[in-house]
Every structure is written in C-alpha cells, then in structure tokens.
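Colleague: Sequence:
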Amino acid sequence: MNNNISNSTKPCLVQTAQGFTVSYRDKYLYSKYAPSKAINQYIQELVLQPQTIILCVSPVLSYGLKELAQKLPQDCIMLACEYEEELYALMLEQKEAVQDDRFSFLTKEELLNLGPLLTKQNVTLQSGFTLPQCGTFRRIIKIDFSAGAQFNSQLYDKVMENAVNALMTYWANRVTLVKFGRRYSTNFFKNLACCDKTIPIQNFFESVDKPIIVFGAGESLVQGIEEARKGHYVICVDTALQPLVAQGIVPDAVFIEEAQNVISKCFIGMSRVETHVFAGLSSLHAITRYFKPEQLSFFTTEFTQARFIDRFEQAGILPPKNEPFGSVGITAYYYALLFRKDKSVPIKTYGLDFAYSAGRTHTKGAMADKARFLYSSRIKNDANYAAAFNEPAFKKNEKMFTTPIMVRYEQILEALREPQRTHDTFGVPEALQEPQRTHDTFGVPEALEGPQKIAQILQEEAASLKELKSLLTGETKLPADQLEQKITKLIQEREYLYLHFPDGNRFAYTQSFLNRVRVEVDYFLKILNQ
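Using the working numbering, read the sequence shown as starting at 1 and increasing by one per residue.
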C-alpha cells in the first residue's frame, strides 16, 4: 500500500482521503480523490427491470456491489467478471463484502463461455452458485465498475454480445416450440418407434472417399449440375431433391428436418428414386411411407434441452445427436463432414446461398418455385416480395437479398467450414473449422441394442403416463404433499407434455397447468400405443 501510482504488473492499493483506490499498469482504477463516488452515483441513478442479468465488469474493490444488490428487482442476478488474473485475485479478497445469494464471481473459463452456460439446464458455477434456468431472464446489461474494464474492453463486449445472442436465441426457440413443439414431440416418438427397422446413420461415418457436393435449394444450385455428373457423392436437402432429379441427378443422400406437412410436396413422384434419406427424429413421420426401411436413417436434432431426451440418450436408444442449426442445409453439411473418410476428401456446396434475387426464394424447379406459379393470378403476382430485405456483398454484381435469420445461418455454416479442403462457391464464404470426428462426441453407442429395447422403453413411458393420469384424475389417492411430489416428478421428466404451452418454459404446480397437462397425457398415450 502506498500513495503513488505504480507501473508494476501487480495491483497496488493506494490510500486516498476517502478510502482506497488501486494502481495497476500505470492507471488508477478508481478516482484518487473519491474512489467509490462515481460507481455509487451511477448505481443510485440506475433503473433496473425484472428478469435481468447484470454483468459487473471489474468490481476490483467491490465498490457499488452492495448498493446494487439492495435495489435488485425480482428474478435478477449479478455476475462479477474479471479477465485480468491479478485483478481477479484481488477481487476475490473482497468477496465477503457482498453477502447475497443472487451474486457470484465468474472464473475466466466461465466468463468466456457465458453464452452457452446461460442456455444449459442446472449449471453450477465454480463458486457453488447455481444459475437459474434460461427462461428466468429476458435481458442483460453490463456495468463497468472500475477502469479495469478498459484493459479488455473488446473481450467484455464480445462476452456481452454472446450472452445477448444466447438469450435471444432461447426466446426465439421458445416461440418456435409454442407453435410446433407438440408436432416435434409427436414425430419424435413415431420415428423413434420405427428406428430399429432402418439403417443406423453411424454406418455412413467415415465411409465416403470421393469428393462430396452438398446441394441446398438456393438459386446457385444450377451452377453445380454439371459437376455433380462427374462421379461425386451428392448430398441434398429435401427441397432440392425434385430439381436435381429433374436434371437426371439422383442424390446419394437426402436430408430432412421439416416437421410440417408442407414438406411432403417435395417428395411427390420421388418414391421410386433410389436414394438414401436421412431424417431427424422430429421430422415429418409421414415421409417414412415414401421410402423402404433400408432407404432410411435417423439422426437426433436436439430441438429442445429436455430431460426426456437425455433419458432416452442415456438408455442408448437415440441415433447420433446434433445441435439444432435451424437450417437443414447446415445439418446436411455437418453430416457431410462426418461422412467423408478423412480430411483429404473435398466438400463443395451449391445452393447454400442464404440469399436470393428479387422476387425469388428458391432455385428453379423447387416446390416453392412451382408454388409461385400455382397460386399466381391477375391480382397476385408470382414473385415473392414478402421478406424484409438486407443487401449482402456478393462476388457477382447482380443485386441479391437476404434476411437477418439467413445471415445467422451463413455465420453458422462459416463456423463449420474447413479452409483447406472446403471450396468457396458462389458467394458462400470460406469458413473456420469442422466438428470433432470422434464418435464419442455424440454420446451414443455404435449401434442400438435392437427393437426390444426401444419397444420396452416406450412401453415404460406409456406406463408412466398412465400412472400420471390416475394421479391427475384422482383414481390413485395420496396425501397432498406426496401427491404433489409424485405428480411434479412425473411431469418434469416429460417436458413434451407442456413444452408447447405459452408458459411452458417451466413447470408450475397450478390447477390451470395441470388441467392442460391432463389433456396432453391422453394425446401422447395414443401416440405411444400405436
């Protein structure tokens, strides 16, 4: 401790007339006259909203933390962030200054992975603090508590951006689940029941030793037609199947993730095509009627983080699992990386434009393109101008358009690409890296244990639903506390019963919630007993 600024790499406490400041790397982190005045005044004037995560950046001497904790609204938490190791050590020495169960320090690793941590279930930090589930929060703010935030300002901005994106993605997914969650779960159980009759997708891993082309249904698909005739392994998305077959190209693999009936139009006249279909468990079950079992393989797209999916995965009955990329084109590319024998096998992409010319959304011959003409009339133009347009940069000079969500898809695809062997085609940028190739990353065994195990687990699931039904209807009598405990346990382990409710981001033991669950029990019993 001294009264002069220090150029040491170690933080140094400096006595002032109104308390201590810190000297570090030729900078005072707090005022040398009134160290706590600025942050306390800022906290005093701050207006906080409920359900907020507050990133407290570089609160080295804990000034302002206690005052902030005293004015926290409902469902708010404070997370202290410090990337500088020396300052982090000094900050931990002050941890007794704030005694609040809504406050925690983040380690460097937790700070860098904050976005993913916020979207996971039951995350306990190194400090012992358990993060509330993601649906608790709706916004994030960042407060710089000292000048220490300036040493890594870009990193803190990036952490903030990732955390905001994680919350936005969560709530966007919640809207999707409200609209389609019941359909996803329905398809999930129907497809899972017939998994044992199909070819495991693991059989295709590291099996392709010739160049691979992945076709999306964008307008640049036509640019790859001639190349696809030259003995490549051709993978396409569902909406690209008809345009390719019309050109005399039969894809080796077709990927499907769409859960709605509208996708069935893309398979009209395709039942005799000798291709192999790779379908997500949550994709439209009716598609399986178009193809023989030996033409089908399933994979698991984790459409939500749920205990029932984890249970089935631990039981070893789920096909390999991948993140919900949002675009079937990205999913097809992801599995192309796993299908190739090694990294020497090149992968090219056509039709994964995530942009389109004015009035168009798909390549010629795709179902969406045909629909433009089917539904056009004198008062309705055959062009599609419904999207909100942004103008992206393209190698060609023609004017192209995109939307914010498609820009995001392009960024995800970019993160999967491998610069050395992936070819940049028609405006799709070079990208960064591919996923790990070890099969252990999927968390499933090499092969399922046969139809008996799948059937047995689904029968056990149906039995649990019958037990829940008897509890909800009063057929089984229990004391009130035991009844609540039993019902809560059965429902919380089966999120498919309520994830599509508008308030289905968390279970609630209320009469209204239980009444709706009771209706869903009958519905899913019919599905499981088919």
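Mixed in with the good hints there might be a few duds.
[As the list claims (entries may be wrong)] With a straight-line cut-off of 30 angstroms between C-alpha atoms, the simulated DSSO-like cross-links for lysine-lysine are:
1) Lys10 <-> Lys71
2) Lys71 <-> Lys32
3) Lys120 <-> Lys158
4) Lys197 <-> Lys32
5) Lys453 <-> Lys489
6) Lys108 <-> Lys321
7) Lys265 <-> Lys321
8) Lys158 <-> Lys341
9) Lys71 <-> Lys197
10) Lys120 <-> Lys321
11) Lys120 <-> Lys348
12) Lys197 <-> Lys10
13) Lys230 <-> Lys179
14) Lys108 <-> Lys10
15) Lys32 <-> Lys210
16) Lys179 <-> Lys190
17) Lys190 <-> Lys10
18) Lys95 <-> Lys10
19) Lys108 <-> Lys210
20) Lys348 <-> Lys210
21) Lys190 <-> Lys210
22) Lys292 <-> Lys210
23) Lys142 <-> Lys230
24) Lys466 <-> Lys477
25) Lys265 <-> Lys341
26) Lys142 <-> Lys120
27) Lys292 <-> Lys265
28) Lys453 <-> Lys486
29) Lys292 <-> Lys526
30) Lys453 <-> Lys292
31) Lys158 <-> Lys27
32) Lys71 <-> Lys37
33) Lys210 <-> Lys197
34) Lys321 <-> Lys292
35) Lys210 <-> Lys179
36) Lys486 <-> Lys466
37) Lys489 <-> Lys120
38) Lys95 <-> Lys66
39) Lys526 <-> Lys489
Keep in mind that the hints were calculated from the coordinates and are not lab data. Treat the numbers as computed from the prediction; the structure is a model and nothing was measured.
Colleague: Compare the structure with each hint and give your call.
Modeller: Hint check:
{"no.": "1", "hint": "Lys10 <-> Lys71", "result": "33 angstroms, violated"}
{"no.": "2", "hint": "Lys71 <-> Lys32", "result": "27 angstroms, holds"}
{"no.": "3", "hint": "Lys120 <-> Lys158", "result": "19 angstroms, holds"}
{"no.": "4", "hint": "Lys197 <-> Lys32", "result": "74 angstroms, violated"}
{"no.": "5", "hint": "Lys453 <-> Lys489", "result": "23 angstroms, holds"}
{"no.": "6", "hint": "Lys108 <-> Lys321", "result": "29 angstroms, holds"}
{"no.": "7", "hint": "Lys265 <-> Lys321", "result": "27 angstroms, holds"}
{"no.": "8", "hint": "Lys158 <-> Lys341", "result": "36 angstroms, violated"}
{"no.": "9", "hint": "Lys71 <-> Lys197", "result": "59 angstroms, violated"}
{"no.": "10", "hint": "Lys120 <-> Lys321", "result": "16 angstroms, holds"}
{"no.": "11", "hint": "Lys120 <-> Lys348", "result": "34 angstroms, violated"}
{"no.": "12", "hint": "Lys197 <-> Lys10", "result": "65 angstroms, violated"}
{"no.": "13", "hint": "Lys230 <-> Lys179", "result": "43 angstroms, violated"}
{"no.": "14", "hint": "Lys108 <-> Lys10", "result": "18 angstroms, holds"}
{"no.": "15", "hint": "Lys32 <-> Lys210", "result": "68 angstroms, violated"}
{"no.": "16", "hint": "Lys179 <-> Lys190", "result": "19 angstroms, holds"}
{"no.": "17", "hint": "Lys190 <-> Lys10", "result": "62 angstroms, violated"}
{"no.": "18", "hint": "Lys95 <-> Lys10", "result": "19 angstroms, holds"}
{"no.": "19", "hint": "Lys108 <-> Lys210", "result": "43 angstroms, violated"}
{"no.": "20", "hint": "Lys348 <-> Lys210", "result": "12 angstroms, holds"}
{"no.": "21", "hint": "Lys190 <-> Lys210", "result": "35 angstroms, violated"}
{"no.": "22", "hint": "Lys292 <-> Lys210", "result": "26 angstroms, holds"}
{"no.": "23", "hint": "Lys142 <-> Lys230", "result": "55 angstroms, violated"}
{"no.": "24", "hint": "Lys466 <-> Lys477", "result": "14 angstroms, holds"}
{"no.": "25", "hint": "Lys265 <-> Lys341", "result": "34 angstroms, violated"}
{"no.": "26", "hint": "Lys142 <-> Lys120", "result": "21 angstroms, holds"}
{"no.": "27", "hint": "Lys292 <-> Lys265", "result": "18 angstroms, holds"}
{"no.": "28", "hint": "Lys453 <-> Lys486", "result": "26 angstroms, holds"}
{"no.": "29", "hint": "Lys292 <-> Lys526", "result": "25 angstroms, holds"}
{"no.": "30", "hint": "Lys453 <-> Lys292", "result": "22 angstroms, holds"}
{"no.": "31", "hint": "Lys158 <-> Lys27", "result": "24 angstroms, holds"}
{"no.": "32", "hint": "Lys71 <-> Lys37", "result": "17 angstroms, holds"}
{"no.": "33", "hint": "Lys210 <-> Lys197", "result": "28 angstroms, holds"}
{"no.": "34", "hint": "Lys321 <-> Lys292", "result": "23 angstroms, holds"}
{"no.": "35", "hint": "Lys210 <-> Lys179", "result": "41 angstroms, violated"}
{"no.": "36", "hint": "Lys486 <-> Lys466", "result": "13 angstroms, holds"}
{"no.": "37", "hint": "Lys489 <-> Lys120", "result": "20 angstroms, holds"}
{"no.": "38", "hint": "Lys95 <-> Lys66", "result": "11 angstroms, holds"}
{"no.": "39", "hint": "Lys526 <-> Lys489", "result": "22 angstroms, holds"}
In this structure, the hints that do not hold are numbers 1, 4, 8, 9, 11, 12, 13, 15, 17, 19, 21, 23, 25 and 35, in rising order.
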